[in-house]
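Construct the entire structure; sequences and hints are all you get.
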Amino acid sequence: EVQLVESGGGLVQPGGSLTLSCEASGFTFSANWMTWVRQAPGKGLEWVANIKPDGSGTYCVDSVKGRFTISRDNAKNSLYLQMTSLRAEDTAVYYCARDQTGWAVAAGWGQGTLVTVSS
Amino acid sequence: QTVVTQEPSLTVSPGGTVTLTCASSTGPVTSGYYPNWFQQKPGQAPRALIYSTTNKHSWTPARFSGSLLGGKAALTLSGVQPEDEAEYFCLLYCGGYQHWVFGGGTKLTVL
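Residue numbers (this note's numbering), protein chains in the order written: chain A, 1 to 119; chain B, 1001 to 1111.
Note that these hints are calculated values from the structure, not bench results.
Don't take every hint at face value.
Only pairs whose alpha carbons sit at most 25 Å apart, straight line, appear in this in silico SDA-like list of lysine to any residue [claimed, not checked]:
hint, chain 1, residue 1, chain 2, residue 2
1, B, 1056, B, 1001
2, A, 52, B, 1053
3, A, 43, B, 1026
Negatives, chain B to chain A, calculated, CB over 12 Å [stated by the list, open to error]:
hint, residue
4, 1014
5, 1017
6, 1019
7, 1065
8, 1067
Beta carbons: idealized from backbone N, C-alpha and C, even for Gly.
In structure tokens, the structure reads:
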């Protein structure tokens, strides 16, 4: 059974940093693109970033460029999102998702972890 | 910056058929946008339904189908069930700096 379990969310002050983790199981992690998606309270979904299976390429939305870094450790079946210079507008539930071949983005999702940026 | 637009809300009767659409501010949506569709119910993580315009996941009910319609991506529900009441999001590949962009979502009410 495919499982994605996010952790690392919490309350952080504006300008602060946080690293989210996503532990994957039930599939060959090293063979899949992985994606982070976020959802602000009461709002829609926002694609945040993705990373190639071997970690050699990453892409992210303009609003987080230079502040967020997506990475992975295939030996640990884990995906990460390092977030710095956090702003109030980064407050959201962050979901880790597994892509599949054939341009199937976010075919499987974790339960999400809440990040709250507030003083 | 590409903006992806969906109907904010739609209402359908049980057993009826409804089509949700997904438009791009840059022009007609084609298969090269690889449209993906997701369903989200309150308090739950989203669930993937359709990828690459028309392809269903193994768990996608047969009453859901994807297509291109009039320059937009479309999700059609045929024989709507009460449990289909949810919010539906499309996702388009925009390439370049934006890579992937979600639509704002369509809240579907089954009444």
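Status of each hint after checking the structure:
A hinted pair counts as satisfied when its Cα atoms are at most 25 Å apart, and residue 1056(B) with residue 1001(B) does not qualify at roughly 29 Å. Proximity of residue 52(A) to residue 1053(B) is assessed by CA-CA distance (about 22 Å); at most 25 Å being required, the pair is judged to hold. Between residue 43(A) and residue 1026(B), the direct Cα distance comes to roughly 23 Å. Compliance with the 25 Å bound is thereby established for this hinted pair. Under the 12 Å C-beta cut-off, the non-interface status given to residue 1014(B) relative to chain A holds; the minimum distance is some 26 Å.
Taking the minimum C-beta to C-beta distance to chain A, about 25 Å, the non-interface status of residue 1017(B) holds against the 12 Å cut. Separation of residue 1019(B) from chain A is adequate, the least Cβ-Cβ distance of about 20 Å exceeding the 12 Å criterion. Every Cβ of chain A is farther than 12 Å from the Cβ of residue 1065(B); the closest lies at roughly 16 Å, confirming the non-interface assignment. Distance to chain A confirms residue 1067(B) as a non-interface residue, since its nearest Cβ pair spans about 16 Å, more than 12 Å.
Hint 1 alone, counting from the list given before, is not met by this structure.
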